[in-house]
Amino acid sequence: MIIVGDLCVSEDRLSEKHSPNDFALWKRSKKGEPWWNSPWGKGRPGWHIECSVMASAVCGSSMDIHTGGVDLKFPHHDNELAQAEAYFDNDHWVRYFLHSGHLTIAGCKMSKSLKNFVTIRDALNRHSARQLRLAFLLHSWKDTLDYSINTMDMAIQYEKLLNEFFLTIKDITRSRTCETTIDSFQKWTNNDQELYIKLRAAKNSVHNALCDNVDTRTALDALRELIGNVNIYLRDKRVSGQEGNCILLRDIGTYVTWIFKVFGAIPKEDSLGLPISGSGQTTNVEEIVMPYLTILAKFRDSVRIQARQLQASEILKECDRLRDDVLPNVGVRLEDHEGHPSAVKMVDRETLLQEKEVKRKLEAEKAAEKIRKKTEQLAAQAQKDAQKRIKPDEMFRSETDKYSKFDEKGIPTCDAEGKELSKGLVKKLQKLQQAQEKKYNEYINTIHHNGDL
Numbered sequence: 001m002i003i004v005g006d007l008c009v010s011e012d013r014l015s016e017k018h019s020p021n022d023f024a025l026w027k028r029s030k031k032g033e034p035w036w037n038s039p040w041g042k043g044r045p046g047w048h049i050e051c052s053v054m055a056s057a058v059c060g061s062s063m064d065i066h067t068g069g070v071d072l073k074f075p076h077h078d079n080e081l082a083q084a085e086a087y088f089d090n091d092h093w094v095r096y097f098l099h100s101g102h103l104t105i106a107g108c109k110m111s112k113s114l115k116n117f118v119t120i121r122d123a124l125n126r127h128s129a130r131q132l133r134l135a136f137l138l139h140s141w142k143d144t145l146d147y148s149i150n151t152m153d154m155a156i157q158y159e160k161l162l163n164e165f166f167l168t169i170k171d172i173t174r175s176r177t178c179e180t181t182i183d184s185f186q187k188w189t190n191n192d193q194e195l196y197i198k199l200r201a202a203k204n205s206v207h208n209a210l211c212d213n214v215d216t217r218t219a220l221d222a223l224r225e226l227i228g229n230v231n232i233y234l235r236d237k238r239v240s241g242q243e244g245n246c247i248l249l250r251d252i253g254t255y256v257t258w259i260f261k262v263f264g265a266i267p268k269e270d271s272l273g274l275p276i277s278g279s280g281q282t283t284n285v286e287e288i289v290m291p292y293l294t295i296l297a298k299f300r301d302s303v304r305i306q307a308r309q310l311q312a313s314e315i316l317k318e319c320d321r322l323r324d325d326v327l328p329n330v331g332v333r334l335e336d337h338e339g340h341p342s343a344v345k346m347v348d349r350e351t352l353l354q355e356k357e358v359k360r361k362l363e364a365e366k367a368a369e370k371i372r373k374k375t376e377q378l379a380a381q382a383q384k385d386a387q388k389r390i391k392p393d394e395m396f397r398s399e400t401d402k403y404s405k406f407d408e409k410g411i412p413t414c415d416a417e418g419k420e421l422s423k424g425l426v427k428k429l430q431k432l433q434q435a436q437e438k439k440y441n442e443y444i445n446t447i448h449h450n451g452d453l
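Each residue of the sequence shown is one higher than the one before, starting from 1 at the first, in full-length UniProt numbering.
Derived from the structure by calculation, the hints contain no laboratory data. Hints are supplied without guarantee of correctness; some may be wrong.
Said to hold, decoys possible - Mimicking DSSO-like on lysine-lysine, the simulated pairs with C-alpha atoms at most 27 Å apart in a straight line are: (1) Lys-237 with Lys-198; (2) Lys-374 with Lys-388; (3) Lys-187 with Lys-198; (4) Lys-42 with Lys-31; (5) Lys-374 with Lys-384; (6) Lys-361 with Lys-384.
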């Protein structure tokens, strides 16, 4: 039986979804909203069709990569895909989707209502562009990144690791011959070969990580491990009195520099390592100034050797002052290595001054801790000495909150309420009195020995 009313589609039914899975291709415009004429009335494109049309207008019937936040994965990108593939009659409108993770602020969604809204300008006022970039690189692009103190501390520590590594490599390549000529050939030791194998392994790990969904976090972990292996290698060389392989170390430094150029953390014009500051001309400054600093460092090394032989402590103090107070103010760090020439490193002046302040605070804390321990030791000794002066038969009589009666030797017999003490407790108190008697006799003997009586 057919009911005519069932075949009629009312205006109300037209405004409803026939299925919860339906999405709008064309939306009726409300009063005050922009509109265009269409066979279905005045309206505007739905959100999903807008993006499909704009993307297809530029890329055509297919594209390789479509990006967006992870929140757009469903329903927006699913709907884009469905309508575009239906229109173009193909199943490859998009070959790859890249959905990036969200940014949170200290675990919370960024919102003005929460007063945790951070602009890029605000972030750059707190941290350098390189530190922010390292924070991003240390996290997977597809996961949520939490912008917090802990996250930025990780980036800052990684930057310090990189900076110290590059400064060490620069110092080695400056102070030794690194030309790849027949005359400069250096036979590789077992340590050299092991480090070279670790370099190749690191390169392979970085390559595989980047091929695996651009996994920068794993790539940076591999570089951190490589830098750690270099530090162990140099430590072992110093212990054995040998020099590191300059060419091998330079190649490692060049590789790490290249990777971070690819990541945008090092300017392309810098040949090795991090720039000293944001200026593009810092590399030239380092090249100009470093020969003079090297001469100064060698002269200081010679002065220190002579001063030690002559036991000239004042000259040694001046050498230390040059290292600790004078050169840091102009962005130069000297590192003394026993039995080896001093290392010369150009570092950002503010960084050195911060290091100096941290060192000063640590030394002050150590001095304060030393005084505190000494004071506690003196107080404990004074209390111990005072305890020795107490006569054995008087040691319990002052404890009236515990005991009310005593025998002729001063041993308590009743507690504060007048109840008789147990034999076991009396025996314990007798042992304590015997120990005090021994201490008191030592005290009396000391006084007699010193002639105080």
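Cross-check of the supplied hints:
1. Lys-237 with Lys-198: holds, 17 Å
2. Lys-374 with Lys-388: With Cα atoms ~21 Å apart, Lys-374 and Lys-388 stay inside 27 Å; holds.
3. Lys-187 with Lys-198: Holds: Lys-187 and Lys-198 sit about 18 Å apart, inside 27 Å.
4. Lys-42 with Lys-31: holds, 11 Å
5. Lys-374 with Lys-384: holds, 15 Å
6. Lys-361 with Lys-384: Between Lys-361 and Lys-384 the Cα gap is close to 34 Å, so the pair fails against 27 Å, i.e. violated.
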